[in-house]
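Participant: From first to last, the protein sequence lines are chains A and B.
Per our numbering, the first sequence runs over residues 1 to 476.
Per our numbering, the second sequence runs over residues 1 to 322.
These aren't lab readings, by the way, just hints derived from the structure by calculation.
Misleading hints may appear alongside valid ones.
[Unchecked claim] Which chain A residues face chain B? A few, computed with CB under 8 Å, are given here:
id: 1; residue: Ser-54
id: 2; residue: Gly-57
id: 3; residue: Val-230
id: 4; residue: Asn-232
id: 5; residue: Met-239
id: 6; residue: Arg-243
id: 7; residue: Asp-248
id: 8; residue: Leu-249
id: 9; residue: Val-250
id: 10; residue: Asp-254
id: 11; residue: Val-256
id: 12; residue: Asp-258
id: 13; residue: Arg-265
id: 14; residue: Thr-268
[What the hints assert, rightly or not] Here are the in silico distance ranges between beta carbons for each label pair:
id: 15; chain 1: A; residue 1: Leu-18; chain 2: B; residue 2: Gln-130; range: 52 to 58 Å
id: 16; chain 1: A; residue 1: Leu-307; chain 2: B; residue 2: Gly-111; range: 36 to 42 Å
id: 17; chain 1: A; residue 1: Asp-158; chain 2: B; residue 2: Glu-112; range: 44 to 50 Å
id: 18; chain 1: A; residue 1: Asn-393; chain 2: B; residue 2: Gln-126; range: 44 to 50 Å
id: 19; chain 1: A; residue 1: Thr-22; chain 2: B; residue 2: Asp-149; range: 52 to 58 Å
id: 20; chain 1: B; residue 1: Gln-125; chain 2: A; residue 2: Pro-385; range: 58 to 64 Å
id: 21; chain 1: A; residue 1: Gly-21; chain 2: B; residue 2: Asp-149; range: 41 to 47 Å
id: 22; chain 1: B; residue 1: Gln-126; chain 2: A; residue 2: Gly-110; range: 56 to 62 Å
Keep in mind it's a predicted model, so treat the numbers as computed, not measured.
Where a beta carbon is used, it is the ideal one built from N, C-alpha and C, also for glycine.
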Amino acid sequence: MDFDSYDLDPAIYDEMLLPDGTHRAHCAEIYETLRELSPEEIDLIQERVTRMFSTEGITFTVYGDDEADERIIPVDCVPRVVSRADWEHLERGLTQRLQAINLFLGDVYGQGRILEDGVIPVDVVRGCPQYRLEMRGVSPPSGTWVAVCGTDIVRTNDGFFVLEDNLRVPSGVSYMIANRKAVKESLRRLYRSSRVRGVEQYGSLLRATLQELAPEGCSDPAIALLTPGVYNSAFYEHMFLARELGADLVEGRDLVVDGGVVYARTTTGLRRIDVIYRRVDDDFLDPLVFRPDSLLGVPGLMEAYRLGNVTLANAPGTGVADDKSVYAYVPDMIRYYLAEEPVLHNVETYLCRRPEDLEYTLDNLDSLVVKRVGESGGYGMLVGPHATPEERNEYAKGVREDPAGFIAQPTLALSRSPCLVDGRLEPRHVDLRPFVLQGRETRIVPGAFCRVALRRGSLVVNSSQGGGGKDLWVLD
Amino acid sequence: MLARSAQGLYWMSRYLERAEHLSRLLWLQTETLVDRPLPEIHLGWRRIYDMIGRRPPSGELVAPDSDDYALADAYTLADDLTFERSNPSSVRSCFALGRENGRQMRQSISGEMWTSLNLSYLRLQQLEIQDVWGASPEGFFAETAAAVDRFRGVAAATMYRDGGRHFMQLGRHIERAQLLLGLLLSQLAADRSIEEASEEGWTSLLRLYHAFEAYTDRYSVEVEREQVMDILVTSPRLPHSLMRTLDQIVFELDAIGPGPDAQSSEEARGEGDGLSALLHETWPVRDDTEGLLRRLSERCRTLHDLVNSCYFEYPTAPALPR
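Pulled out of the complex, with its shape left as it was, chain A reads as follows (with noise of 0.2 Å):
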């Protein structure tokens, strides 16, 4: 494969390669060996990355307007690689950024003290259809109440920077091992001399992360992983990480509250439950306390859990920390609670609840990217520069009529990354979801699920959107 008509662009950073063409220092190795093969050879290596995810059966779920449709998630095979320094700087970030998060949760649902400082608008927290006054006065073991985050990171020529931070029941890590194991089996040679690092603990990690946030006195919990069921789109996730784990895999029918202890229903009966990994969203959690006419819950739950009879990670309530209005006070967050400066940067944020913000948003349509704060999916979104002047003016009504309900965030030149698209090698748009596990320790693996936006020149990664996956490789 050669790189004559790779389309180079020097105002977008390439993962691969420098403005002048030449390959970034720690791409060496996957350079050559491009280089090397043959198109053919390049062809049948994403065969069989391919074929294995068809085999395999690993699909994500697509609701269209009559049925599900199960889909195969689109896959490169050439990895994108992570220099040791950029991870390192990476983690540092991570972690800091999750422990003021956390320490955030436990404030607004404590005694406020980063609203009554002013720190952030105390509407823009409370107004938030993520806060749950359930969970005021709830503590959590090890103050933990994200667990699990995966938050998506972009870069640009400027650097690092957080999109966004997914709070609640963040996906994708199933995809991050199954891109490893494909990429790996196609690609052995180059795999083992590149001294890549590995990602396949994360099971045990999770596990561990589980464990150190079991009720008090529980030194052998019994863990279930709690999912809406199989027409989730998520599901092959669910059940991919319950085996990782050896842990059930329950939905809300198994599970019976008694006493305020939950037992799952077995084939020899009733069972304790300690910990629960819940993959459903807040408002289907507990049909007493939430959504009544939720299905997917377990009547009482939100009582054995209060009661500190079993615990839930993440925590009910924790969308209120990656709202996208608040996000924009995550640095300044980071700044109250542990008094540094972030290791890792926001992009610039407009919330157009602010008039000032507001103006510039609806002056500046055609340049912004400009987000719905209660979606996520890349669904509700404008991407100005890529928008008709007639779908600019339809979004701004929307934005006008509920100016609180939008941010709006300059359209950033997302890094782009070599992809085999028709037997060529064509750059990409990429982004990056680590995954971090927050119990009386912070884990994270070297890896990430690595979002590709498979469309010549789009900006969206998200796979219910023409998104695929490819694997990130950070090197020892």
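The hints should help you fit chain B onto chain A, whose structure is shown.
Facilitator: Structure of chain B alone, referenced to chain A:
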């Protein structure tokens, strides 16, 4: 193990047994299309539809009066029984349902089992009747049945011998017993509809259950209805014989042990023992064979209901620890 997981494995196994059984029947049926007389072909289709309790797409099966008609009819019927998505008993539907149960319980089966099941499912998803009919439908059905055999082999080699395995085996054997009983009853009904008992029909049952050689060893090359039934019902060495299947059900219930409620556990275990005892004590019954087969079939359904209420969908309150 989790009650819902056990239930999923139980049903996965039932659906795959059903898929394999129907594939084998269709394999034999498509063989008859090559050189057998039209009435025999007609009876073969009727036996299959009777067994699965479904009406053919045209509403009624009409005896063909020409080879062209018989072949055109066969194409439609084979499509309905193999690929029709709206037919819950078609081979494709059974595979899809088996695989769906397996997908929901992937954490309870080995990775190799899942891969084997998923590959068979994907193969069936990509095919339609026109893809298999022109070349070798017999080969297609043989391969489809073999896919279930392979899955069982992989399961035997890789799955823990825990509760999940026993629930899988229990589902498989309850399904097998019901299918065999249904097919014997269908064949008896087919015999009644013609003047002479069809030797070919009974021969095909021997071939279906891998019993032809055992039959000729024990009896002769002459195929007699009573003797075929004897061997299919009672042979201790025939993997698919009814007696062996019922004994296997008792074994699996023993291995699973009691559920949360002592009384319903007793009932389930009692029904399994009763089924086996009824056959051991009463066979052969020459005067009312159909009556006995029907009673056994009904008791298999009862056993299924008892297994369901004992292990899978039991009332919660009595199971709470006190």
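Participant: Run every hint past the structure and note whether it holds.
Facilitator: Hint check:
1. Ser-54: The hint holds - Ser-54 of chain A has a Cβ within 8 Å of chain B, the shortest such distance being about 7 Å.
2. Gly-57: 5 Å, holds
3. Val-230: 5 Å, holds
4. Asn-232: 11 Å, violated
5. Met-239: 5 Å, holds
6. Arg-243: Nearest chain B Cβ about 4 Å off; hint holds.
7. Asp-248: 5 Å, holds
8. Leu-249: 5 Å, holds
9. Val-250: Cβ of Val-250 of chain A sits 7 Å from chain B, so the hint holds.
10. Asp-254: Holds. Min distance 5 Å.
11. Val-256: 5 Å, holds
12. Asp-258: With a minimum Cβ separation of about 5 Å from chain B (threshold 8 Å), the hint on Asp-258 of chain A holds.
13. Arg-265: 5 Å, holds
14. Thr-268: 6 Å, holds
15. A:Leu-18 to B:Gln-130: 52 to 58 Å: 55 Å, holds
16. A:Leu-307 to B:Gly-111: 36 to 42 Å: Check passed, 39 Å falls within 36 to 42 Å.
17. A:Asp-158 to B:Glu-112: 44 to 50 Å: 48 Å, holds
18. A:Asn-393 to B:Gln-126: 44 to 50 Å: Cβ of Asn-393 of chain A to Cβ of Gln-126 of chain B: about 46 Å, so the range 44 to 50 Å holds.
19. A:Thr-22 to B:Asp-149: 52 to 58 Å: Cβ of Thr-22 of chain A to Cβ of Asp-149 of chain B: about 57 Å, so the range 52 to 58 Å holds.
20. B:Gln-125 to A:Pro-385: 58 to 64 Å: 41 Å, violated
21. A:Gly-21 to B:Asp-149: 41 to 47 Å: 57 Å, violated
22. B:Gln-126 to A:Gly-110: 56 to 62 Å: 57 Å, holds
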